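S.K.: From first to last, the protein sequence lines are chains F and L.
With my numbering, letter number 408 in the first sequence gets 408, and the count goes up by one each step, no holes.
With my numbering, letter number 180 in the second sequence gets 180, and the count goes up by one each step, no holes.
Since the hints were derived computationally from the structure, they do not count as laboratory data.
Honestly, I wouldn't trust all of these hints.
Stated by the list, open to error - Here are the simulated DSS-like cross-link-like pairs (lysine-lysine), alpha carbons at most 27 angstroms apart as the crow flies:
no.: 1; chain 1: F; residue 1: Lys35; chain 2: L; residue 2: Lys92
no.: 2; chain 1: F; residue 1: Lys40; chain 2: L; residue 2: Lys5
no.: 3; chain 1: L; residue 1: Lys139; chain 2: F; residue 2: Lys311
no.: 4; chain 1: L; residue 1: Lys5; chain 2: F; residue 2: Lys433
no.: 5; chain 1: L; residue 1: Lys150; chain 2: F; residue 2: Lys40
no.: 6; chain 1: L; residue 1: Lys91; chain 2: F; residue 2: Lys40
no.: 7; chain 1: F; residue 1: Lys35; chain 2: L; residue 2: Lys17
no.: 8; chain 1: F; residue 1: Lys113; chain 2: L; residue 2: Lys433
no.: 9; chain 1: F; residue 1: Lys212; chain 2: L; residue 2: Lys363
no.: 10; chain 1: L; residue 1: Lys458; chain 2: F; residue 2: Lys383
no.: 11; chain 1: F; residue 1: Lys433; chain 2: L; residue 2: Lys221
What the hints assert, rightly or not - Beyond 12 angstroms from chain L on every Cβ pair, some chain F residues (computed):
no.: 12; residue: Phe29
no.: 13; residue: Leu34
no.: 14; residue: Pro94
no.: 15; residue: Arg123
no.: 16; residue: Arg148
no.: 17; residue: Glu151
no.: 18; residue: Ala191
no.: 19; residue: Arg204
no.: 20; residue: Ile332
no.: 21; residue: Phe340
no.: 22; residue: Val344
no.: 23; residue: Gly362
no.: 24; residue: Ser381
Said to hold, decoys possible - Partial list, derived from the structure: chain F residues whose beta carbon lies under 8 angstroms from chain L:
no.: 25; residue: His36
no.: 26; residue: Thr60
no.: 27; residue: Glu62
no.: 28; residue: Ile96
no.: 29; residue: Phe99
no.: 30; residue: Thr102
no.: 31; residue: Pro215
no.: 32; residue: Pro246
All of these numbers come straight from a predicted model, not from anything done at the bench.
C-beta atoms are modelled at their ideal positions from N, C-alpha and C, and glycine is treated no differently.
What follows is the residue order along each chain.
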Amino acid sequence: METILAQAKQVAEEAEVFMVSSEETPVQFETNHLKHIQSKQSGYVALRIIKEGRTGYAITTEFSDRQNLVDTATETAEFGMKAEFELPPQTLYPSIEVFDPTVESVTLEEMVKLGSELINIVRRHTPEVLCDAEVYKGTISTRIINSRGGELSYRQTVFSLGIQGQLIRGTDMLFVGESQSSCHPLSDTQAIASVVLRQLDLAREQAPIPTKPLPVIFTPNGVASALILPLMTAFNGKVVLEGASPISQSLGEQVFDERLSLYDDPTVAYRPQSRPADDEGTPSQRTTLVEQGRVASFIYDLQTAALASKKSTGNGGRARGGLPSPTPSAFIITPGGTTFTDMVSDVKEGLVIEHLMGAEQGNILSGDFSGNVLLGYRIESGKIVGRVKDTMVSGNVYQLLSDITAIGSDAKWVGSSVYTPSIYCPELSVASK
Amino acid sequence: MPDTKESAHQLAEIIGKHQADYIEAHLEESQASYITYRGRELESIGKTTNVGGNVRALVRSGWGFSSFNSLSDLASRVELAVKQAQLAASKKSELASVEPVIDSALTTEIGNPVTIPLAKKKQLLDTYNDNIWETSKIKTSIIAYGDGFKKTIFLNSLGSFIEQDRADITLRLAAIATEDTEVQQAGLSLGSRGDFGAIENLHQPVTEMAQHAVALLSAPKVKGGEYTVVLDPILAGVFAHEAFGHLSEADFVYENDRLREIMVLGREFGGPELSIVDDATLPGLRGSYRYDDEGVPTTKTYLIREGRLVGRLHSRETAARMHEKPTGNARAVSYRYPPIVRMSNTYIEPRTASFTDLISDIKEGIYAKNWYGGTTSMEMFTFSAGEAYMIRNGKLAEPLRPVTLTGNLFHTLQNIDAIGSDLDMNQGGGCGKGGQMPLPVANGSPHIRIRHCLVGGK
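Just need the whole structure built from these sequences, with the hints factored in.
M.R.: Printed below as a string of structure tokens:
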């Protein structure tokens, strides 16, 4: 890496070398049986240069092919965007724990056992359910050095445990599932399975739902599948700078219900989305995006922040190895005080959404969404009475979140990048056959 | 660059020394370049080179898989894959038998799009960006161009040794229009198997796309409910892919007794006009190839013929377990993943109806065009249209905000009651499955009409 940096400095004013390498081991079960055990070794090195004020970029998996990397970055710099930022000099990074050496010592046999246990618990409850499961462990090493003396390297471990079940009766198909991830090894198969068992119980009966506006409760999984992606787009500093975000002009304004607070937070210990710094070496920070309904800030990388006369929020991410751009780490919604049971008992006729399919396909920018309720339940007189089918809902994220009936006390991690409670909204448009 | 062919010969030798029911290896060298714009300015430009490979081993139905970037110490990669397979072993392995193939299927005619000068690519994109910005009320634009060229070597313990290559180009454009707090967007997705000419001379459609984004600002949202819907060839192709294509992938079915009962060959899924085909042998499309990633020659496979289920897509393992013939549909998005059952070029066969025939007797319906996305959970699927219009009294009427449609496998195909004559293949899509995306595929169809289609709305 140092050699690449030295070679790049001979042709460019500034240079940054980013290297990531990983060892991953997924163990996969299909239709109740162990099917695949994999190991994946991968790594790449990326070179960003600033030459005559313009950015050049090249990536390779061939660490030894240094001259070619420098030449390619130089070639692209001729056309690259004007670099408005300065690479971060040497700095002190917050100590954020993301490495647990015990992950590496979990054996393949132990991983196989965890997957089998998970499937067994679910099948003891409902023998005819067919399960796919995955037990995953990985170690990722990241190193960044730049021509201004900036230097950072850290290691991270990730462990995840997930199950998906499929239940077919006649031509009716029910899909259930849950997964959890951490930088620590996970072993509580009961906790994950219990979420699935509850889904199976609630979906036992089918319940038709009318075509009309109805009160709706999004569970944490429901919030993640329906509402988060439009927000991640709207708070992206680049989208804001272009004026394409509906909240571009709303800094400091009350856009959401005053009970809603939202953060981007890569500093939570032992979470897979946490890290001491982003992919440009800007130290990690917790960024308040919405404080009691008011838009508090947006997320930035170095270049976008410079263009917007802001500071980087430490959100420079390299999706698939590309140039850094504003990228959410983990979105965290502050829980409220209402239990899920109390929310349900408050509804005379309504809908619980646990998984919305296709919501990300609409016009994300406007906040409009529409999707098929893949897993959702009908509420009748304060009780969940069964699963709805052939049902679409349609709404607007900004409208929904500006008038919330209650926020749940049941916050949990959904995947690795969303932490949210249930959210209860007074009205959503429902269409059903 | 390391010599992948040299490594392949080493691997062939190492594989011969191991005890497993079956071992295969893939090696891959690729290059890619990309240019993106956000707004008036170029956002990023870059180049990538990638070398890697994998070894996959089968022991008593258990698969081990080891992927790597480093081509040193291949022997230990093979050993690891075999050891993992032994740990996953359970019952007797079954793989459909295929003849070993030694072939070098390298296409020289199209060439490598990565070597086209960046200046030429940028010049073309600049003109498209100008087209978008010439339209009033446009707030910003997004353009993403990407190309790639890869050479692969496949070899296995049966003695196969196959060299193939693939060139690929994708271009996505979007125009974003705003007025007050309204934000609307319209997009175009295009692709080709390395032919740069396929993405040139698009100035007219790009301008229309920008104008459509502006028109959406004043368009109403559709009222939710059931409608008669006419789909254009692009959206109908997405529909064929999502509504039926995925469920015909045998890996969903082969170990699932209930699904096997539902997906029994001969079952009626649609009317006598409906035929759906997957065909990787079509020349020059993004989903075309000669051998799949298990070294199996490709075929044209009818999935639905005259309304009945007649076939499905297979890997060697699913074909053997279901006592059907392999179809050459095991594909991997890169060497980082094992091959799984995937579609190639999927389309609905054309019939005779004209567009006027399709809409003339619709009192109130929706004409849905173009493609935002689609997804499936097998029984249920959704797909969304980037462009939509009301149909009133047999005529196209006002434009609508983008619509999302949903269907149920067992009803929606039955509700297709008219099929047009104007088959068109869309190359702009990429398919995702099992974490592997975007896999180059093509989808196509003529215009089709669906009765009682559920549409989300206010």
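S.K.: Run every hint past the structure and note whether it holds.
M.R.: Hints, verified against the model:
1. Only pairs whose Cα atoms come within 27 angstroms are accepted, and Lys35 of chain F paired with Lys92 of chain L is accepted, the gap being roughly 13 angstroms.
2. With a C-alpha separation of about 21 angstroms, the suggested pair Lys40 of chain F and Lys5 of chain L falls inside the 27 angstroms cut-off, and the hint holds.
3. Taken as a hint, the Lys139 of chain L and Lys311 of chain F pair is honoured in the structure, with Cα atoms around 24 angstroms apart against an allowance of 27 angstroms.
4. Taking the CA atoms of Lys5 of chain L and Lys433 of chain F, the gap is near 58 angstroms; set against the 27 angstroms cutoff, the hint is violated.
5. With a C-alpha separation of about 20 angstroms, the suggested pair Lys150 of chain L and Lys40 of chain F falls inside the 27 angstroms cut-off, and the hint holds.
6. Only pairs whose Cα atoms come within 27 angstroms are accepted, and Lys91 of chain L paired with Lys40 of chain F is accepted, the gap being roughly 25 angstroms.
7. Distance hint between Lys35 of chain F and Lys17 of chain L is fulfilled; the C-alpha atoms sit about 24 angstroms from each other, no more than 27 angstroms.
8. Proposed proximity of Lys113 of chain F and Lys433 of chain L is supported: the alpha carbons are some 26 angstroms apart, at most 27 angstroms.
9. Of the supplied pair hints, the one linking Lys212 of chain F and Lys363 of chain L holds, its CA atoms being roughly 23 angstroms apart against a limit of 27 angstroms.
10. With a CA separation close to 26 angstroms, the supplied pair Lys458 of chain L and Lys383 of chain F stays within the 27 angstroms bound.
11. Straight-line distance between C-alpha atoms of Lys433 of chain F and Lys221 of chain L comes to about 20 angstroms, which keeps the hinted pair within the 27 angstroms bound.
12. In this structure Phe29 of chain F is not separated from chain L by more than 12 angstroms, as the shortest Cβ-Cβ distance comes to only about 9 angstroms.
13. Annotated as non-interface, Leu34 of chain F brings its C-beta within 12 angstroms of a C-beta of chain L; the closest such distance is 5 angstroms.
14. Residue-level check passed: Pro94 of chain F sits 29 angstroms from the nearest beta carbon of chain L, beyond 12 angstroms.
15. Remark: the non-interface label on Arg123 of chain F is consistent with the geometry, its nearest Cβ contact in chain L lying 14 angstroms away (cut-off 12 angstroms).
16. Annotated as non-interface, Arg148 of chain F keeps its C-beta farther than 12 angstroms from every C-beta of chain L; the closest such distance is 21 angstroms.
17. For Glu151 of chain F, the requirement that its beta carbon stay farther than 12 angstroms from each beta carbon of chain L is met, with the minimum near 23 angstroms.
18. Every CB of chain L is more than 12 angstroms from the CB of Ala191 of chain F (nearest about 24 angstroms), matching its label as outside the interface.
19. Every C-beta of chain L lies more than 12 angstroms from that of Arg204 of chain F, the closest at about 17 angstroms, which supports listing it as non-interface.
20. Annotated as non-interface, Ile332 of chain F keeps its C-beta farther than 12 angstroms from every C-beta of chain L; the closest such distance is 25 angstroms.
21. The beta carbon of Phe340 of chain F is kept farther than 12 angstroms from every beta carbon of chain L, the shortest such distance being approximately 24 angstroms.
22. Non-interface call for Val344 of chain F relative to chain L: holds, since the shortest CB-CB distance, roughly 24 angstroms, exceeds 12 angstroms.
23. Remark: the non-interface label on Gly362 of chain F conflicts with the geometry, its nearest Cβ contact in chain L lying 6 angstroms away (cut-off 12 angstroms).
24. Chain L leaves Ser381 of chain F outside its interface by the beta-carbon criterion, the shortest separation being 25 angstroms against a cut-off of 12 angstroms.
25. Against a cut-off of 8 angstroms between C-beta atoms, the interface hint on His36 of chain F holds, since the closest Cβ of chain L lies about 5 angstroms away.
26. For Thr60 of chain F, the interface hint holds, the least distance from its beta-carbon to any beta-carbon of chain L being 5 angstroms, beneath 8 angstroms.
27. Of the supplied interface hints, the one on Glu62 of chain F holds, with its beta-carbon coming within about 6 angstroms of a beta-carbon of chain L, less than 8 angstroms.
28. The closest approach between the C-beta of Ile96 of chain F and any C-beta of chain L is roughly 27 angstroms, which is over the 8 angstroms cut-off, so the hint fails.
29. Taken as an interface hint, Phe99 of chain F does not check out: its beta carbon lies about 22 angstroms from the nearest beta carbon of chain L, beyond 8 angstroms.
30. For the restraint placing Thr102 of chain F at the interface with chain L, the shortest Cβ-Cβ distance is roughly 21 angstroms, beyond the 8 angstroms limit, so the hint is violated.
31. Look at Pro215 of chain F: its Cβ only gets to about 16 angstroms from chain L, farther than 8 angstroms, so that hint breaks.
32. Contact between Pro246 of chain F and chain L, as hinted, is supported at the beta carbon level, the nearest pair being about 5 angstroms apart and thus within 8 angstroms.
When held up to the earlier numbered hints, the structure conflicts with 4, 12, 13, 23, 28, 29, 30 and 31 and fits the remainder.
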